[in-house]
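> In case you want the letters, here they are:
Protein chains: 2
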Amino acid sequence: MSLILTFLGKGGTGRTTVAIAAAKKLALQGKKVLLATQDTSPAFGLLLGATLSSEPQELSPNLYGVQFQTSLLLERSWEDVKNLEAQYLRMPLIKEVYGQELGVLPGMDSALALNEIREYDKSGKYDAIVYDGIGDQNTLRMLGMPEILSWYLRRFQTIFSNSDLGKTLLPFLQPIASAVLNISLTPENLSQSNKATNLLEEGKKAIADPHRVAVYLVTTGDPSSIATAKYFWGSAQQVGLTVGGVILNQAILPDTVVAEIAENLEQVYEKFDRESAITNTVTSEFAPLKISNIPNRVGEDWQPLIDALPDFRQAAMVPKPMEIDLAAKQVKLFLPGFDKKHVKLTQHGPEVTVEAGDQRHNIELPPQLSGQSVRGAKFQNSYLILSF
Amino acid sequence: MSLILTFLGKGGTGRTTVAIAAAKKLALQGKKVLLATQDTSPAFGLLLGATLSSEPQELSPNLYGVQFQTSLLLERSWEDVKNLEAQYLRMPLIKEVYGQELGVLPGMDSALALNEIREYDKSGKYDAIVYDGIGDQNTLRMLGMPEILSWYLRRFQTIFSNSDLGKTLLPFLQPIASAVLNISLTPENLSQSNKATNLLEEGKKAIADPHRVAVYLVTTGDPSSIATAKYFWGSAQQVGLTVGGVILNQAILPDTVVAEIAENLEQVYEKFDRESAITNTVTSEFAPLKISNIPNRVGEDWQPLIDALPDFRQAAMVPKPMEIDLAAKQVKLFLPGFDKKHVKLTQHGPEVTVEAGDQRHNIELPPQLSGQSVRGAKFQNSYLILSF
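Line order of the protein sequences matches chains A and B.
Under numbering that gives the first Met the number 0, residues 0 to 387 are what the first sequence spells out, in order.
Under numbering that gives the first Met the number 0, residues 0 to 387 are what the second sequence spells out, in order.
Hint data in this document are derived by calculation from the structure and do not stem from the laboratory.
Be aware that one or more of the hints could be misleading.
In silico DSBU-like cross-links for lysine-lysine, where the CA-CA straight-line distance does not exceed 35 Å [stated by the list, open to error]: (1) B:LYS331 to A:LYS289; (2) B:LYS204 to A:LYS229; (3) A:LYS331 to B:LYS331; (4) A:LYS121 to A:LYS94; (5) A:LYS94 to B:LYS204.
Bear in mind that the values here come from a model prediction, so they are computed numbers and not experimental data.
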């Protein structure tokens, strides 16, 4: 059993920095620590100084890091489900659907991450698991799952056991439940003492036990960070979680302080040649997009900020996500921010699947290209160009 | 039809501030604007200077604000589903389950919010809807739903129409699909031209049309904010979204600048009597929790930060979320950060439901209290005390 530790607080309060420092601290204390992040953007790796993958890797003595990639986790679960289905149903329905095609829907990130945490916990390999989630409402919804799902199970149990429909449904619900929760939903499972209930009860017990799952709040001195942290404090209790303490990050300046020292900052900024250096970097990183520079908002005067915003009606004047050239038999996908090594192309089912940024996009081809194999793919100036 | 506008960027880059300013800007241009937030924490209201509710309210000429509260949206959908069920099934199964009891599971926030946006769009009342989501991965998952769900529908359609199971399942899938998507899933709906497919096709078309849905990136000059914004840029293309431009927020200092001006800041901080004022505020706001003050991290030296963190093994020494006093027939729930007016107590089904922070907690009572009515409830020193 591991100590599972996570941090709640407003975005930008330094939660991720604190999570990394906490993992380092526990590792220095001699604990074997798994630092798990759900952030698939490059920000986590930049902060950590290492690139994580979907398998745990050693970062320093006692410290391991892993990145939960929902599309991969979904693929793995799906293969398990297909095996189960083939085993239990005479006519497997889903064998023609490939895990590599499955797109990620809302909720899957949390459900699959919770299952991963449970499995790493059960593996007995780690004394502590430090989890860095995406958005804190998500972390709360995730950790609330055992309690809420067991309520749904409890409440619908009678309904199910009293209906013929219930029995008919099981073969279908089985794959869904297994994919999402990694549990088997058999008729016995819908009665009191069963695997699904046990699993949820175990989860509830772990979450309610502060020796097993603990949350710390992270805040800056800013009133809105403080208010948000307080809100998460109460919200954590709502799902039975224990908040162990508060981490006050004074490295980040409260808005009020920033406003008061705005004059001083102007001088400081000059020293760093702000306008030229930063704007130039951003302009080149995001070409061909237009960059709008916004100023500091002082007090209640929103006007300078409003004036600096772009004309939102001009949004359409940028490259389109997808262009199809039927004459050349080409499909061009605009994928800025990625390069060749981030993009994976598969063609398992009837459609072409493009995987990037922990998302899957199944391309609906025009009739002229539909069903044809991809003959070539190249990555050029932020475009993925597929030739048929 | 409205222009739907949203902002993607790393937490703490000022996304919400920009969303509010954008709504104000469009309203000043004479557009009728709905500013919709999914943030149920007090941070949004503090920034806006107004408290939003689940019904749109006028904030200033042309500017309306609404807060999506998932538990309420779920309740509303559920009642619709029950009505549908009663209409179509001879033996309604779910009539005994009350909308007010339903807990929120991962994914419901996004699914219900997307449906709300769709309905406000369809209402024709607003020229623009500015949406402020919770966490950006969520916003992308949400806006990716039409495309990904229509893929699932397309892919599983053949499987369904070829199986008897498909037909048996419909009466059950109907309520689920309706609750989540507000669509009816009838046998006809599983064929080509039907309501569900149309709805998803409409959604896909809207999301792919930059005159209808546009996203702007928000970043500071910080390398990790820039990297995250670039990541979201590519990720947005993956779901067919158009990124219209970049908003560079130079009001927030990049980490590198903060590190370099750390010396100057020390002097500035002294002026604001930092240690005493801020720490005292935070200490009193979060009593009885322990406050750990963490310093600025300069460069690659994590040690001062690690040293300042609390001993995470002490997490358990705080009030428990729930205490049961059988002798006094009392249940005490620790709900800091909320007060009486934030907490709603209902007893529709066999259990007591506590609603706070856009979450629902169905209390599993010990056998001695189970089934009894709540005789009294009071809120005292962050505790909700229920007497039976």
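> Each hint needs a verdict: does it hold in this structure or not?
Cross-check of the supplied hints:
1. Using a Cα cut-off of 35 Å, the hinted pair B:LYS331 and A:LYS289 is violated, with the two alpha carbons roughly 55 Å apart.
2. At most 35 Å may separate the alpha-carbon atoms for a hinted pair to count; B:LYS204 and A:LYS229 exceed this at roughly 41 Å.
3. The straight-line distance between the Cα atoms of A:LYS331 and B:LYS331 is roughly 60 Å, outside the 35 Å bound, and the hint therefore fails.
4. Of the pairs offered as hints, the one joining A:LYS121 and A:LYS94 holds, with about 30 Å between alpha carbons and a cut-off of 35 Å not exceeded.
5. Simply put, A:LYS94 and B:LYS204 have alpha-carbon atoms about 31 Å apart, close enough for the 35 Å limit, and the pair holds.
In summary, the numbered hints that this structure violates are 1, 2 and 3.
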